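Colleague: Here are the chains, one letter per residue:
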Amino acid sequence: MSALSRRAVPVYLGLLLALAAVGLVNQTLYRHQLRLIDQRRTLLDQVANLRLEAAKVDGPLAITQWATSHGMVPAPEAQKVSAVAAGPAALPQLPDSGLEIVTIWH
Amino acid sequence: MALSERKDRDRSPVELRFTRRGLMSVLLTLPLLAALIGFVDQQRGAPTFPAPPADAPVRGRILASDGTILAYGPAGDRRYPQGTLAANLLGFTGAVQPDGRYGLEGLEYSLDRRLQNGQDVKLTIDPTLQAAAETNLKRVAEKNQAADGMAVILEVGTGRILAAASYPSFDPNHWRQASPNDMIDRPFAQEYEPGSVMKPFVVAALMQSGLLKPNEIIPAKMSVHVGDKTFTDVEWHKPELSVADVLRYSSNVGMIDMTWRFTPQQLHDWLARYGFGQPLDLTSIYSTTGILNPWQNWVPQDQASNTIGQNVSTTAVQLAAAYSILANHGVYVPPRLVDSATLPPPHRVLDATVANTVFDMLIHVVDASDLKYSKVPGVSVAGKTGTADIYDRRLGTYPKGEYSITFAGVFPTDHPKVVTIVTLQKPQVGSKTSTWVAAPLFRAIGSEVVAHWGWAPGSVAMADSGH
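In order, the protein sequences belong to chains X and E. Those letters in the first sequence? Residues 234 to 339, per our numbering, in order. Those letters in the second sequence? Residues 1331 to 1797, per our numbering, in order.
What the hints contain is simulated information worked out from the structure, not anything from laboratory work. Remember, predicted model here, so these are calculated numbers, not experimental data. One or more of the hints may lead you astray.
The calculated lysine to aspartate or glutamate pairs, modelled on EDC-like cross-linking and capped at a C-alpha distance of 20 Å, are [unchecked claim]:
| hint | chain 1 | residue 1 | chain 2 | residue 2 |
| --- | --- | --- | --- | --- |
| 1 | X | K289 | E | D1501 |
| 2 | X | K289 | X | D278 |
| 3 | X | K289 | E | D1396 |
Whenever a hint applies, use it, and build me the whole structure from the sequences.
Modeller: Put into structure tokens, the structure is as follows:
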């Protein structure tokens, strides 16, 4: 074995060691990424299902069906209308501040 | 002396050099391979590195007019968060087809290229009105055990389609469980003979051609023979009727008496001018043209049948667009389903005076006839019923007792805002006439529309609800 070869082998083995370490990190990251992709898919599924569930509560179809099943009718079909729009709210009773201002015009 | 040394001594120098090199190669290659394992996916046996996930191409969303998301997600994992709402209109996606499309039905099919390019599509559909139309259509169709049905709400003046409901329907999230019959987008794709709802168009065409005056008296017995066919009227009436009363009593005989003022070609061309038998200018969705047979093939009973809405077929959207001509002072506005679609400009079909006169006759039809069940409380309605025989292509005839029932209405009449068309096919239970089934359905949907506008019920709104 020549002197050059003798020097090259440890360098080569050192590089291989480094490569193996990088490979290990690569595998760890890759597995982590796979887990994240799975997680992402699960979460997207969850969001989609929750959107569907939400639409069963506040979607236009759900609201129409709920109203009908509770005996509600569209406004024009109302037999009796006692109040169409609420009247103006009563002014709150303000507490007496104890201060009184008197303006006198000259 | 060791055995190996003896062997080495026996070998030639060249042989010895090669053996050492081989050993060195193995010694140096094995660790290299071991190190490279770190870059191999052991499950797949393929090289791998962490990289951004390769998502399917982003497919555009389909939105309702208020921004409600109706469809989103990549083609392979498409979601419809509103469930069955507008399902027949939206369609669904599946595996890529030989033509490169992912959409298999409805808008997903017809707008596939645009959606695959990642562009959102905003429809003119109002989700609240769509829900109201679907819910009421389903309720009445189930109650009367109808084979199928459809409802369209079209905005007068703009041609915007606010609702297009089909019965039966399906959930596009689980489209594999639905039958092909559930998936038909009926307002656009189902053609049917509309019956008497066609009559106002013939009256308007005669008036526009100068062949009929609105104050004429028309002879109208209870039946008339044309060729080998006998046409009869359903509702009893006097033997002479005003033009408005011909429409009010939906007199087939009165209409047929008037239609001979037209040549077959004239009547044919007028029906085509209203859009019947013609392709809709909608570019966004597949729609059928309906059938308007060539006038050259007509025999007299064909002309008579066309006059009363038989022997000619249409779609509900075509019919809505045609009624909007009467509501829109004679101007045809192409129906619009996609907000940004480029459509041909509106064009005039009738003079405003003619359109307004016939429109007034349609107010008379609702006010004077037995159509109180079509009256949306608090709002005046112009409208017309239609009950038509259904042609069975398999049998080659019109089976008895199978009807298509339609109500076409416009409201409010002082400033028309919407045209609403409702149609049920082959109701099996209860009444099979449009007056008793389609008109109340029209009213139910109409009331929802008025409520959605937020119009407060006035004193007129306290009218008897009729059901």
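Colleague: For the pair supplied as a hint, K289 (chain X) and D1396 (chain E), confirm whether the alpha-carbon distance does not exceed 20 Å.
Modeller: It holds: about 18 Å lies between the C-alpha atoms, which stays within 20 Å.
Colleague: Are the Cα positions of K289 (chain X) and D278 (chain X) separated by 20 Å at most?
Modeller: holds (17 Å)
Colleague: With a cut-off of 20 Å on the C-alpha distance, tell me whether K289 (chain X) and D1501 (chain E) pass.
Modeller: At roughly 13 Å apart (the allowed maximum being 20 Å), D1501 (chain E) and K289 (chain X) satisfy the hint.
This entry satisfies every hint, going by the numbered hints stated previously.
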